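**Student:** Put together the whole structure using the sequences plus the hints.
Protein chains: 2
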Amino acid sequence: MPATQALTNGFAKHAVAVDVVLFTIQGGRLKVLLVRRQQAPYKGAWSLPGGIVGAEESVDAAALRELQEETTISNVYLEQLYTFGDTDRDPRGRVLTVAYYALVNQQQLELKARQRVSEADWFPVRRLPELAFDHRRIIDYALERLRNKINYTTIAFQLLPTNFTLTQLQEAYEVILGTRVDKRNFRRKMQQLGILRPTRQFRVSGRQRPARLYTFTAPKVIKLQEKGIIVPF
Amino acid sequence: MPATQALTNGFAKHAVAVDVVLFTIQGGRLKVLLVRRQQAPYKGAWSLPGGIVGAEESVDAAALRELQEETTISNVYLEQLYTFGDTDRDPRGRVLTVAYYALVNQQQLELKARQRVSEADWFPVRRLPELAFDHRRIIDYALERLRNKINYTTIAFQLLPTNFTLTQLQEAYEVILGTRVDKRNFRRKMQQLGILRPTRQFRVSGRQRPARLYTFTAPKVIKLQEKGIIVPF
DNA sequence: TCAAAAGTGTTTCCCCTACACCCATGG
DNA sequence: CCATGGGTGTAGGGGAAACACTTTTGA
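Chains as they are written, first to last, in our numbering: chain X, 813 to 1045; chain G, 813 to 1045.
Hints in this document: simulated from the structure, not taken from any laboratory.
In this text the structure is predicted, and so the values were computed from the model without any measurement.
Careful: at least some of the hints might be erroneous.
The list makes no distinction among identical chains, and a pair is therefore deemed to hold if it is satisfied within one copy or across any two copies.
Stated by the list, open to error - For lysine to aspartate or glutamate, the following EDC-like pairs were computed, each having C-alpha atoms within a straight-line distance of at most 20 Å:
no., residue 1, residue 2
1, K1035, D952
2, K961, E891
3, K825, D898
4, K1001, E983
**Tutor:** In structure tokens:
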């Protein structure tokens, strides 16, 4: 018997799923992508995009695959959240799920709408419909993680286009934290962090003064170990 | 066909394990519990306590069970860490593992030694032996989580006996963070947090002035949302 | 000229930090 | 009386918070 078989015989095996909480900011609200279930249980209910992990597929790869089945987005920020392993999560029987969350910006979103097959839509996190399984709990958990992490990392930039105004950036923080932020303090702190580069472009919207566009200099999401915490203002 | 069967037929199923990083403080060092593997692969190598999740067992319950197979500890602080889902972690084939970490104090430890069957021992996190699988990585991850979380929660108390001196508490922080801490600042900050209650007891050790014993007032691990961050001093 | 958002500095206060000596006890 | 850890206060600096007016543009 090959060594490969030693463990896989005689031990319990489990159905393992992935579920992805995909966040974006749209119309000044934080939203999540939900898909309508085509089969029982919870047929017709809204649920998180997700599915079963393949036999020879890594869990991370499965999460990415599910995301790409629902969208045409690439280069998404995707992070593992938590594994929900209670025995009674799924009425059909024992299904573990490894939850992820992901962040995209509206530019990336435009691509998506054309390609969708099954019904999917964006819902404000403060106005969620009834959800299948324990997906409401998973979203709550994702939101908590996002709120914490925005304070000491640069994930907020994942929700913005490549070029953005400082007001857009501030709105991202406000929408996620659910609080107002002082404009002058916010701008000073952001500029002190040294992760913004001003461009020579401006964004005109209506009849106000045009706003300067900035880009994010760091190539990836980074941890801010300086005291550059954003939270209370 | 009952609904229970709908999903469990025709889909990939996976072996799912739990692994637990059990920390304690002993002799002024942060240590983890390791057990010697009895079978191939990695036979004879040190590894984290852990095992396969049963068919009808929740993942949390499995982690707790593994802990109790190795120790007689109850009321342990146990927290899920991360799910390692690469396809090549285990040479026998595909095995997912859900990693946990746990914290115990020396009082609880004394109970343990009598009951152990298989070989197990405590190793300083800075002097780990060669480890089976990707367990080294799991320990590193657990340590990182612990170092972060000690700054904004009260988990450090899980490593101390019910009554402890302020010096013991400070040593716990120093051992975990790997840095020295200013005694006066530490004591002031801890007392300001309002989570310590002085007892009327003192601990005598040798020929010095006896140290007052304190207890932790909060019933559970709590988040410190005040600015009571502990880190830099 | 008006509406609407962009952009900009200063002061106050509190918290973090650095730092050194006396106390109580057992041997 | 001496060695050992227990226990205590203060002064200075820096970052966070509060706060309001001018600028630029299109209509």
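**Student:** I'd like to know which numbered hints this structure contradicts. Please list them from smallest to largest.
**Tutor:** Of the numbered hints, all hold.
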